[in-house]
Amino acid sequence: MSIDNIISQAVADAVKALYSVEVDAATIVPQTTKKEFEGNLTIVVFPFLKISRKNPEATAKELGEYLQANCEAVKCYNVIKGFLNITIEPSFWAGVLSHINDTPNYGFKPVTAESELVMIEYSSPNTNKPLHLGHVRNNLLGFSLSEIMKANGYKVVKTNIVNDRGIHICKSMLAWEKWGDGITPEKAGKKGDHLIGDFYVLFDKHYKAELKSLMAAGKSEEEAEKESTLMQEAREMLQKWEAGDAKVRGVWEMMNGWVYAGFDETYKRLGVDFDKIYYESNTYLEGKDKVLEGIEKGVMYRKEDGSVWADLTNDGLDHKLLLRSDGTSVYMTQDIGTAKLRYQDYPIDKMIYVVGNEQNYHFQVLSLLLDRLGFKWGKDLVHFSYGMVELPEGKMKSREGTVVDADDLMDEMINTARETSAELGKLDGCSGEEAENISRIIGLGALKYFMLKVDPRKNMTFNPKESIDFNGNTGPFIQYTYARIQSVLRKVAESAMSQAVDAVAFEPNEKEIALIQRLADFPSVVEEAGKAYSPAQIANYTYDLVKEYNQFYHDYSIMKEENADIRAFRICLSRNVGEVISRAMGLLGIEVPERM
Numbered sequence: 006m007s008i009d010n011i012i013s014q015a016v017a018d019a020v021k022a023l024y025s026v027e028v029d030a031a032t033i034v035p036q037t038t039k040k041e042f043e044g045n046l047t048i049v050v051f052p053f054l055k056i057s058r059k060n061p062e063a064t065a066k067e068l069g070e071y072l073q074a075n076c077e078a079v080k081c082y083n084v085i086k087g088f089l090n091i092t093i094e095p096s097f098w099a100g101v102l103s104h105i106n107d108t109p110n111y112g113f114k115p116v117t118a119e120s121e122l123v124m125i126e127y128s129s130p131n132t133n134k135p136l137h138l139g140h141v142r143n144n145l146l147g148f149s150l151s152e153i154m155k156a157n158g159y160k161v162v163k164t165n166i167v168n169d170r171g172i173h174i175c176k177s178m179l180a181w182e183k184w185g186d187g188i189t190p191e192k193a194g195k196k197g198d199h200l201i202g203d204f205y206v207l208f209d210k211h212y213k214a215e216l217k218s219l220m221a222a223g224k225s226e227e228e229a230e231k232e233s234t235l236m237q238e239a240r241e242m243l244q245k246w247e248a249g250d251a252k253v254r255g256v257w258e259m260m261n262g263w264v265y266a267g268f269d270e271t272y273k274r275l276g277v278d279f280d281k282i283y284y285e286s287n288t289y290l291e292g293k294d295k296v297l298e299g300i301e302k303g304v305m306y307r308k309e310d311g312s313v314w315a316d317l318t319n320d321g322l323d324h325k326l327l328l329r330s331d332g333t334s335v336y337m338t339q340d341i342g343t344a345k346l347r348y349q350d351y352p353i354d355k356m357i358y359v360v361g362n363e364q365n366y367h368f369q370v371l372s373l374l375l376d377r378l379g380f381k382w383g384k385d386l387v388h389f390s391y392g393m394v395e396l397p398e399g400k401m402k403s404r405e406g407t408v409v410d411a412d413d414l415m416d417e418m419i420n421t422a423r424e425t426s427a428e429l430g431k432l433d434g435c436s437g438e439e440a441e442n443i444s445r446i447i448g449l450g451a452l453k454y455f456m457l458k459v460d461p462r463k464n465m466t467f468n469p470k471e472s473i474d475f476n477g478n479t480g481p482f483i484q485y486t487y488a489r490i491q492s493v494l495r496k497v498a499e500s501a502m503s504q505a506v507d508a509v510a511f512e513p514n515e516k517e518i519a520l521i522q523r524l525a526d527f528p529s530v531v532e533e534a535g536k537a538y539s540p541a542q543i544a545n546y547t548y549d550l551v552k553e554y555n556q557f558y559h560d561y562s563i564m565k566e567e568n569a570d571i572r573a574f575r576i577c578l579s580r581n582v583g584e585v586i587s588r589a590m591g592l593l594g595i596e597v598p599e600r601m
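Residue numbers 6 to 601, in our numbering, belong to the letters of the sequence shown in order.
Worth double-checking, as some hints may not be accurate.
Stated by the list, open to error - Okay, derived cross-link-like pairs now, DSBU-like style, lysine-lysine, Cα gap no bigger than 35 Å in a straight line:
1) 463 to 196
2) 155 to 355
3) 381 to 21
4) 325 to 381
5) 196 to 281
6) 273 to 252
As the list claims (entries may be wrong) - Label-pair distances were calculated between CB atoms; the ranges are:
7) 392 to 500: 31 to 41 Å
8) 364 to 115: 26 to 36 Å
9) 477 to 120: 15 to 25 Å
10) 172 to 395: 35 to 45 Å
11) 336 to 420: 29 to 39 Å
12) 363 to 106: 17 to 27 Å
13) 536 to 43: 48 to 58 Å
14) 395 to 499: 41 to 51 Å
15) 172 to 252: 39 to 49 Å
16) 187 to 476: 21 to 31 Å
17) 106 to 209: 13 to 23 Å
In short, the hints are calculated from the structure, not lab data. Glycine residues also receive a C-beta, built at the ideal position from the N, C-alpha and C atoms.
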């Protein structure tokens with residue numbers, strides 16, 4: 006039993022003994038005592054005042070006296086207003102470490118047959134360009150959230166919806182047909198997504214030139230846009246696609262195949278994956294069917310021009326268009342269709358959409374519509390709304406001049422990691438292959454940690470150079486501490502030192518107690534990160550744990566400690582800190598190197 010559970014149960018026993026009222030120990034959650042106060046754990050007594058019928062100080066004092074007299078884990082207590090600060094017996098902490106050491110997969114809840122199924126959608130790329138900086142934050146948040154939910158005992162299905170149809174796709178296709186001269190990724194020596202992105206940019210270049218020419222001939226901007234032959238050809242291509250034209254569909258399938266191969270390479274390198282991928286080209290017709298069903302149910306209505314709408318005014322919103330007068334669908338319709346297919350495929354209990362905060366209104370509407378259409382999870386769907394990410398001006402050149410793509414970003418991070426590590430001597434004695442792998446682990450770890458340590462709801466500026474710092478709240482700082490611990494454990498293994506720990510042989514010192522308490526906090530941090538959908542809580546917990554360990558490592562010997570019991574205890578403590586670092590970083594999708 007963890008120290009938190011022991012104290013929770015002891016407080017529940019105290020309430021029953023003192024006030025003859027039973028309370029559920031699970032509702033009593035001890036907090037780590039703030040550093041400015043004496044104690045290890047704090048109990049907030051305000052919830053017990055109706056039971057005790059006394060003021061906060063008197064209630065806290067009575068509970069404290071009972072705990073000190075009846076709970077062997079409690080050494081002493083102090084009261085600050087309505088807060089009961091408890092100091093745990095120093096000798097007890099060795100037993101806490103022993104419990105942590107003996108608990109398989111410490112901090113994580115098991116997934117069982119009865120576990121709820123959570124589906125998490127992230128990435129959602131378009132097939133007309135490579136993944137970019139914004140996609141990087143989206144993918145890292147989505148993957149990390151999936152790992153955190155698994156660690157909280159949920160079944161998780163990671164899913165992606167690919168936007169593979171529409172006018173933007175036809176623009177790339179038309180440009181390839183006009184100016185591509187049969188080029189392929191192999192002939193160009195480029196990833197397929199980059200090649201298609203180049204043609205999307207090329208279409209835009211020719212389209213702007215055409216508008217400029219028309220406007221020079223006296224047309225207004227609006228007239229020029231209407232008379233653009235390029236845009237007209239793109240629309241005609243889209244109509245042919247929707248009609249199932251074999252030639253257009255053939256080019257579409259070929260070019261999308263190139264893009265998917267490119268995406269897969271980027272996803273693999275970024276360390277994210279999916280259990281199921283849906284395609285907009287398959288879901289938009291399903292959405293139309295569901296909307297027509299909504300008309301029959303009376304939850305949607307058709308206007309005289311044939312367009313279909315939903316009246317959301319009773320929910321404080323407006324009227325929402327779902328099908329245009331020509332019968333074509335909008336994004337909302339496609340999301341409804343995707344929901345229909347997903348619900349057929351999986352028994353979803355909760356649906357989480359990882360999408361930027363510019364889509365907040367969209368998901369408000371989607372939740373209401375799915376609920377009206379009978380999806381049991383619709384009303385409670387979660388829009389994991391995150392802020393935008395930018396780079397400092399001039400820090401990195403982009404291939405297209407406006408957007409930084411994910412591959413360029415990862416290249417830059419790995420190169421910077423290689424240079425920084427070499428300057429600091431971190432790669433000394435490594436083979437070329439090992440140095441390259443360490444550079445990859447550090448570079449991508451720096452990228453992921455810097456992105457994930459920020460509250461996801463906030464906009465952020467990602468600074469590549471700042472993220473690769475071996476000091477401060479960074480991925481490399483944490484990775485280096487993990488590698489340092491593994492170095493100690495390798496030396497222990499080589500020396501054949503005894504690692505048997507006698508939990509009652511001695512009392513840990515203040516720094517050791519602080520470290521054990523940090524380890525003891527890990528399960529509740531994982532649980533809270535799951536409730537709050539916040540990878541940042543995992544990141545910042547890990548940084549605090551690593552800071553605490555480095556202070557301990559600086560102040561106390563491990564291998565050179567002469568007392569065999571203390572030495573074995575510190576080895577055990579170091580090993581478990583390393584395990585929790587590895588597990589926590591794994592929740593962020595970050596690898597930790599064995600050597601650095």
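So, going through the hints one by one against the coordinates:
At most 35 Å may separate the alpha-carbon atoms for a hinted pair to count; residue 463 and residue 196 meet this at roughly 32 Å. Pair hint residue 155 plus residue 355 holds up; C-alpha atoms about 13 Å apart against a cutoff of 35 Å. With a C-alpha separation of about 41 Å, the suggested pair residue 381 and residue 21 falls outside the 35 Å cut-off, and the hint is violated. With a C-alpha separation of about 21 Å, the suggested pair residue 325 and residue 381 falls inside the 35 Å cut-off, and the hint holds.
Between residue 196 and residue 281 the CA atoms are separated by roughly 23 Å; this keeps the pair inside 35 Å, and the hint holds. For the proposed pair residue 273 and residue 252, the alpha carbon gap of about 32 Å is at most 35 Å, so the pair holds. Take residue 392 and residue 500: their Cβ atoms lie about 50 Å apart, and the range 31 to 41 Å is violated. Roughly 34 Å separates the CB atoms of residue 364 and residue 115, a value that falls within the hinted 26 to 36 Å.
Taken as a hint, the range 15 to 25 Å is violated for the pair residue 477 and residue 120, whose Cβ atoms sit roughly 38 Å apart. One distance hint, 35 to 45 Å for the beta-carbon pair residue 172 and residue 395, is violated here, with the actual separation near 27 Å. Distance hint check for residue 336 and residue 420: the Cβ-Cβ separation is about 38 Å, which falls inside the suggested range of 29 to 39 Å. Checked against the hint of 17 to 27 Å, the C-beta distance between residue 363 and residue 106 comes to roughly 47 Å, which is inconsistent with it.
A hinted range of 48 to 58 Å is violated for the C-beta pair residue 536 and residue 43, which are about 30 Å apart. Taken as a hint, the range 41 to 51 Å holds for the pair residue 395 and residue 499, whose Cβ atoms sit roughly 48 Å apart. Under the hint 39 to 49 Å, the C-beta atoms of residue 172 and residue 252, about 18 Å apart, miss the expected range. Evaluation of the 21 to 31 Å hint for residue 187 and residue 476 yields a failure: the beta carbon distance comes to about 53 Å.
Checked against the hint of 13 to 23 Å, the pair residue 106 and residue 209 fails, with Cβ atoms roughly 60 Å apart.
Hint compliance for this structure: hints 3, 7, 9, 10, 12, 13, 15, 16 and 17 are broken, all remaining hints hold.
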